[in-house]
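Line order of the protein sequences matches chains Z and E.
Residue numbering for the first sequence follows this note's numbering, starting at 3 and increasing by one per position.
Residue numbering for the second sequence follows this note's numbering, starting at 55 and increasing by one per position.
Distance ranges between label pairs, derived from CB positions: (1) Z/P169 x E/D240: 53 to 59 Å; (2) E/E271 x Z/R198: 43 to 49 Å; (3) E/N247 x Z/N100: 17 to 23 Å; (4) Z/E125 x E/E94: 18 to 24 Å; (5) E/T264 x Z/P161: 31 to 37 Å; (6) E/N247 x Z/L27: 30 to 36 Å; (7) Z/K257 x E/D267: 49 to 55 Å; (8) Z/Q30 x E/S93: 47 to 53 Å.
Here are the simulated DSSO-like cross-link-like pairs (lysine-lysine), alpha carbons at most 30 Å apart as the crow flies: (9) Z/K171 x Z/K204; (10) E/K107 x Z/K171; (11) E/K107 x Z/K204; (12) E/K73 x Z/K48; (13) Z/K294 x Z/K201; (14) E/K275 x E/K292; (15) Z/K257 x Z/K43; (16) Z/K201 x Z/K171; (17) Z/K48 x E/K107; (18) Z/K223 x Z/K269; (19) E/K107 x Z/K201; (20) Z/K43 x Z/K202; (21) E/K387 x E/K284; (22) Z/K269 x Z/K163; (23) E/K73 x E/K282; (24) E/K204 x E/K292; (25) Z/K171 x Z/K269; (26) Z/K202 x E/K107.
The hints are simulated quantities; they were obtained by calculation from the structure and are not laboratory data.
Since we're looking at a predicted model, the values are computed, not measured.
Every residue, glycine too, gets a C-beta built ideally from N, C-alpha and C.
Below are the chains, spelled out letter by letter.
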Amino acid sequence: MSNKTKGQKIKLTLPIEEVMSPGHLACQGCGATLALRYTLKALGRKTIMSIPACCWSVIDGPFPYSAAGVPIYHCAFETAASTASGISHALAQLGQDNVTALAWAGDGGTFDIGLQALSGAAERGDNVIYIVYDNEAYMNTGIQRSSATPHGAWTTTTPVKHYKRGPKKNIMAIMAAHHVPYCATANIAYPEDFIRKVKKAKNIMGTKFIHLYAPCPTGWKHPPDITIQVARLATLTNVFPLYEIDNDVYTINKKIQKAKPVSEYLKLQGRFRHLSEKEVQFIQRTVDQNWKRLLKLEEAFRNEKN
Amino acid sequence: MKKVLTGNFAAAYGATAAKVNVISAYPITPQTTIVEILSEIVADGLLNADFIKVESEHSALAACIGAQAAGARTFTATSAQGLALMHELLHWATRGRLPIVLANVNRAMAPGWSIWADATDSVAQRDTGCMQIYCENNQEVFDSILMSYKIGEHTELLLPTIVNLDAFFLSHTSQIVDLYDQETIDRFLPSYNPEIKLDIENPRAFGGLTSPDYYYEFSYKIQLAHEKAKEIIEEVGKEFYRFFNREYHLSEPYRCDDADMILVDYGTIAGTAKDAVDRMRDKGIHVGVLKIRYLRPFPEEQVIDILKNAKKVGVIDRAISYGHEGPFFTEVKASLYGYRIPIYGFIAGLGGRDVSIVDIESMVDYMQGNKPANHIWIGLKK
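Starting from the given sequences, assemble the full structure and let the hints guide the process.
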């Protein structure tokens, strides 16, 4: 798409239409808000969403307001997937197959309390797109740890003396184990990649899953004006690689020639401020190992298909 | 068309006759045959519906909520532990004003594991705002499911309904059930076409953050809907009579006109009590039965009207609110506030213990020879 500005042609890389309106209740610099804005640019207005308890149950605005621009059903915490399943089956029965059922949940509602319903929907192959906007803790209730909280992080339930120990749950591996037709990671700092993935998911039948990285300045303790910088560093350090699993075939979408050290990512965020040099080295080793494993997965499954 | 059917088949055929669009359910004894028969009916193309075979009762009702909000007529069925797991979403269905119909096979709560009749499971859902019916026989199961859609979908109500049937006494007992003809049913119950739903042409958010400025009035409107439901239930009952020649009300008196003593009950015990009353009448004891069909909305006016001239009232509960008394007894006693009528609370049949005609007669004996008490346990082993 192109647009004329002062006689010059500027090539736009994102859909120009804004479905979501600006009058929402998000914190400054909220990654999750950009996340839905991009998602709806990709999906358009023929979308019906289920939103469980999460930041977005507040961000959208109090009754009778709504910023999303598409119909929303606010559902119980653990029911993003099952509510979307119901919506999807109703749409099919009522002859509205051209409308996308979108489950839109935070990491708590996905990795923790909503995991059973998500697993059920994925195993049945219900025709929904499930996007988890991951800000790595229960941010809406005030920064409590979830199973998406990474090793080393401070939260209000993992105070500095007892910071989170143990790895973040690998939700992509869990979804891949369901053999859903499509899963992908995405990052709000890479909107073109993200929008391409959402559009791809829209055109696939069955359960599609996108694990979307969305920083939270309030909970991560970084200034709101560096949200994109933090998000981009997560991918540039291989903390959060961009890849997709299309019918069990892994493809890494962004291979960093020379990954930056994780310390560059960690040091921007107050939630990691207490970490010793030894812990930072441990995190670096874990990130390196995970990256190597991902490269092997890409290679192994590609060979298997060929 | 008449068929010999168990209560579970009657429930499944009720949902089929109501032409539901989406079914979502999870198996639990003794509800299981409801989901089995519906699976076959949908697979055979006898009902054009989507059956979502979910991984829990919680997801079963969540999926019904999503589907109903998107404009589908939905059905689910469960029992005991499953209903308890749905508890959160029963509130959601009510506050979302979604006229879902749920068949619940009344079964005792564990531990110890029991699959037998007990109404404590559904009585525990009393304050969720769902309408609740207790059925006496399999015809009433079939008829109640049809009527519940018509009643719940009324634009002034928009309320979900739980249709209760006793484990095994109905769920697995065969009786003759008239299934009528589908054309007449379609005229009685047209397809569901809600005015307000998830609609891409009119994008709205449902159930979002609601401040004290609004929540209170939303609650008041649910109360108004329940009050209105008492009228609509009677109206739809009359309409049902015109279509199918069977009469239904909020409650049902049996030989109460000249009764000195009236036994209030619900579910299958009502049938046994009617037989007991016939036997006692033959012996010259002036006794009647008031069967409560609806726990919510509670038919307070009818209860007062029928009981106010009785000399003594007994209430039989196959449920218990621990630390107090039988839950229906509480309701009846509160309704009769200001009337100086001795009222006896009987507990009977918990966990599927048989309640026989002799047990019912022993209650009347007790009422004749004793002062009232709030929880008199019938058939308790020493």
